[in-house]
Amino acid sequence: MYSVVNESDLVDNPTPRVPVCLCLDTSGSMDGDPINELNRGIHQFYEEIKADEVTMYSAEISIVTFGGDDAECIKDFATLDASESAPTLDSRGGTPMGEAVNMALDMLEARKQQYKDAGVDYYQPWLVLMTDGMPNGDASELSRSIQRTVEMLNNKKLTVFPIGIGDEADMDTLEKFSPKRKPLRLKGLKFKEFFAWLSKSVSKTSQSMPGENVKLDPTSG
Amino acid sequence: MWKAAFCAVTGREHIVEGIPCQDKVCSALQNGVAAIALCDGAGSAKLSHYGAECTAQTVCDYLCTHFDDMYGNSDARAVRLAISESILSTLTSLSQKLQCNISDLVSTLLFVAVKDTAFIAGHIGDGVMGYLKGDNLLVASKPNNGEFANTTVFTTSSGASSAMRLMKGTLNEVRAFVIMSDGTEASLYDKRHKSLAPVLKRLMNLLAWQKEANAQAMLQNALSGAIARATGDDLSIAFLVKSDAFPSFCALSKAEKLAMLGIRHNISNHCMKRYDNILSCLSYRAMTLRQMRHKIHLKPSRAQKYADRLVNQGIINETGGVYYPIEKS
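One line per chain: the protein sequences are A and B, in this order.
If you count the first sequence from 1, you need to add 743 to reach my numbering.
If you count the second sequence from 1, you need to add 1 to reach my numbering.
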């Protein structure tokens with residue numbers, strides 16, 4: 744059977760991207776089991792993303808941590824290489840949450856501009872914010888980060904998943920970042936279960952079509 | 002003379018999930034107007050395939066009936082509103098008949114109509130519209146996805162009427178139009194450079210030479226092969242071509258002939274002449290390969306090679322070992 748149009752006739756457009764920022768508390772209180780389980784969860788997240796051929800080319804992961812005196816970009820937005828390993832995070836110091844969220848939002852805006860310049864389509868970005876305590880960084884940075892996040896939420900420019908770890912997590916502050924979606928408290932140290940849900944959700948989003956409502960699996964449990 | 006050709010193919014993902022093709026395309030030739038319309042039903046709308054079909058037909062009929070009024074009206078807003086109201090009216094009737102909400106029937110929309118030396122075209126949502134002016138393949142309307150890949154505007158979205166891109170003008174050197182859904186756009190529209198794949202020009206040329214049945218088969222072939230393998234989404238495309246504006250194969254330049262033959266390197270004039278000779282033979286009557294090679298003095302393997310390429314590129318037909326010319330209708 745002849746073919747009027749061949750592979751070589753087609754345009755090779757880049758895969759639409761799902762930018763996902765993990766904004767993670769690595770303060771001193773995360774020392775011990777919490778940081779170990781968080782590292783295992785991130786490792787599993789990486790492996791599940793890499794195992795799905797469509798998601799691997801679509802999901803762009805960035806990691807910003809807040810511990811010590813300042814926020815730190817561990818990984819800027821990029822798809823995962825097949826050989827790429829998850830970073831191992833250490834815990835230390837304070838909880839500069841506002842600084843970290845502002846850094847994450849700045850990185851996101853820069854990445855979106857790169858997408859636009861390169862003609863790359865993208866889905867609504869995700870911000871996963873996880874903390875086990877109260878923010879104790881600069882108050883004005885915290886206030887600014889909350890304002891920016893809520894503005895983006897109201898304009899439907901961002902999806903936020905605020906997650907409290909343990910009993911000491913400041914759920915009130917987390918709720919300020921996400922007035923419409925109540926923050927969730929992680930059950931115990933079930934990081935692996937959470938990141939398994941996150942990778943499935945990213946996969947569903949990366950395969951959605953225009954006009955399709957993406958129904959994520961429930962987060963209970 | 003303008004002729005229309007169109008095709009829609011169910012995407013692999015829809016086949017697996019048992020969802021009908023939500024891309025619908027139609028054409029109309031009435032009152033001196035040639036029109037095409039293409040609608041892509043919303044993924045989340047359970048009956049959007051019905052809505053897409055209804056909308057495409059409504060718009061084609063509207064264009065054929067109201068072309069002169071639309072073209073002569075300098076108030077673009079009023080024209081957009083009239084089209085939108087026509088669509089809404091039909092969808093309302095359909096929603097009552099199917100006992101569903103209008104939101105279950107929504108779709109995107111692209112349309113083009115030509116009459117004499119004038120054209121009208123419109124676009125709501127994603128998908129792409131292009132045209133061939135002289136030898137230049139150009140984009141008339143880019144996809145309107147909004148900021149995110151899985152969002153777009155639909156025919157009944159709030160502000161759809163004002164979001165509709167509406168164009169009109171004189172044809173001048175325009176020889177063909179093409180409209181396609183986002184599934185097809187993924188393979189035939191370069192998002193970075195905002196340009197259309199050159200293969201569309203070849204398809205336009207081939208369609209200008211084909212009879213309607215052959216044109217449909219050719220488009221089915223085009224969408225069902227490499228393009229369908231590149232995406233799981235539904236695929237659809239429609240063309241309006243001015244058949245008498247496209248020269249016969251023998252009248253094309255060498256570069257154009259190479260493009261039509263799908264040959265990416267230069268060949269000798271002597272080799273090119275063989276293709277011309279085969280087509281000349283067939284312009285008189287259908288022939289077998291043996292008859293052809295005797296006429297133009299070719300070895301069997303050589304004659305087979307040239308004939309195969311002409312058949313593969315849709316320039317001639319072959320049935321039961323007999324080769325036929327493609328006739329202009």
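Hint data in this document are derived by calculation from the structure and do not stem from the laboratory.
The reader is advised that the hints may include incorrect statements.
Claimed, not checked - Below, simulated EDC-like cross-link-like pairs (lysine to aspartate or glutamate); rule was C-alpha separation at most 20 Å, straight line: (1) A:Lys-859 with B:Glu-148; (2) A:Lys-859 with B:Asp-105; (3) A:Lys-947 with A:Glu-790; (4) A:Lys-930 with A:Asp-755; (5) A:Lys-935 with A:Asp-860; (6) B:Lys-243 with B:Glu-148; (7) A:Lys-933 with A:Asp-910; (8) B:Lys-195 with A:Asp-833; (9) A:Lys-943 with B:Glu-14; (10) A:Lys-900 with B:Glu-14; (11) B:Lys-192 with A:Asp-864; (12) A:Lys-943 with B:Glu-18; (13) A:Lys-899 with B:Asp-69; (14) B:Lys-243 with B:Asp-117; (15) B:Lys-195 with B:Glu-257; (16) B:Lys-116 with B:Asp-191; (17) B:Lys-143 with A:Asp-860; (18) A:Lys-933 with A:Asp-819; (19) A:Lys-935 with A:Glu-780; (20) A:Lys-943 with A:Glu-791; (21) A:Lys-933 with A:Asp-860; (22) B:Lys-192 with B:Glu-257; (23) B:Lys-169 with B:Asp-105; (24) B:Lys-192 with A:Glu-750; (25) B:Lys-258 with A:Glu-780; (26) A:Lys-947 with B:Glu-148; (27) A:Lys-947 with B:Glu-18; (28) A:Lys-855 with B:Glu-18; (29) B:Lys-192 with A:Asp-755; (30) A:Lys-855 with B:Glu-148; (31) B:Lys-116 with B:Glu-174; (32) B:Lys-192 with A:Asp-752; (33) B:Lys-143 with A:Asp-864; (34) A:Lys-935 with A:Glu-750; (35) A:Lys-818 with A:Asp-849.
Unchecked claim - Simulated restraints, written as ranges between beta carbons of each label pair: (36) A:Pro-757 with B:Gly-147: 45 to 55 Å; (37) B:Pro-21 with A:Pro-757: 26 to 36 Å; (38) A:Asp-915 with B:Thr-93: 44 to 54 Å; (39) B:Pro-199 with A:Met-914: 41 to 51 Å.
Ideal Cβ positions, reconstructed from N, Cα and C, are used throughout, including at glycine.
To see whether the hints hold, each was checked on the structure:
no., hint, verdict
1, A:Lys-859 with B:Glu-148, "holds, 9 Å"
2, A:Lys-859 with B:Asp-105, "violated, 32 Å"
3, A:Lys-947 with A:Glu-790, "holds, 16 Å"
4, A:Lys-930 with A:Asp-755, "violated, 44 Å"
5, A:Lys-935 with A:Asp-860, "violated, 36 Å"
6, B:Lys-243 with B:Glu-148, "violated, 36 Å"
7, A:Lys-933 with A:Asp-910, "holds, 14 Å"
8, B:Lys-195 with A:Asp-833, "violated, 46 Å"
9, A:Lys-943 with B:Glu-14, "holds, 18 Å"
10, A:Lys-900 with B:Glu-14, "violated, 28 Å"
11, B:Lys-192 with A:Asp-864, "holds, 8 Å"
12, A:Lys-943 with B:Glu-18, "holds, 19 Å"
13, A:Lys-899 with B:Asp-69, "violated, 42 Å"
14, B:Lys-243 with B:Asp-117, "holds, 11 Å"
15, B:Lys-195 with B:Glu-257, "violated, 23 Å"
16, B:Lys-116 with B:Asp-191, "violated, 30 Å"
17, B:Lys-143 with A:Asp-860, "holds, 16 Å"
18, A:Lys-933 with A:Asp-819, "violated, 25 Å"
19, A:Lys-935 with A:Glu-780, "holds, 7 Å"
20, A:Lys-943 with A:Glu-791, "holds, 8 Å"
21, A:Lys-933 with A:Asp-860, "violated, 39 Å"
22, B:Lys-192 with B:Glu-257, "violated, 26 Å"
23, B:Lys-169 with B:Asp-105, "violated, 31 Å"
24, B:Lys-192 with A:Glu-750, "holds, 17 Å"
25, B:Lys-258 with A:Glu-780, "violated, 65 Å"
26, A:Lys-947 with B:Glu-148, "holds, 19 Å"
27, A:Lys-947 with B:Glu-18, "holds, 15 Å"
28, A:Lys-855 with B:Glu-18, "violated, 32 Å"
29, B:Lys-192 with A:Asp-755, "holds, 9 Å"
30, A:Lys-855 with B:Glu-148, "holds, 10 Å"
31, B:Lys-116 with B:Glu-174, "holds, 14 Å"
32, B:Lys-192 with A:Asp-752, "holds, 15 Å"
33, B:Lys-143 with A:Asp-864, "holds, 13 Å"
34, A:Lys-935 with A:Glu-750, "violated, 41 Å"
35, A:Lys-818 with A:Asp-849, "holds, 14 Å"
36, A:Pro-757 with B:Gly-147: 45 to 55 Å, "violated, 18 Å"
37, B:Pro-21 with A:Pro-757: 26 to 36 Å, "holds, 30 Å"
38, A:Asp-915 with B:Thr-93: 44 to 54 Å, "holds, 48 Å"
39, B:Pro-199 with A:Met-914: 41 to 51 Å, "violated, 57 Å"
Checked against the numbered hints given earlier, this structure breaks hints 2, 4, 5, 6, 8, 10, 13, 15, 16, 18, 21, 22, 23, 25, 28, 34, 36 and 39; the rest are met.
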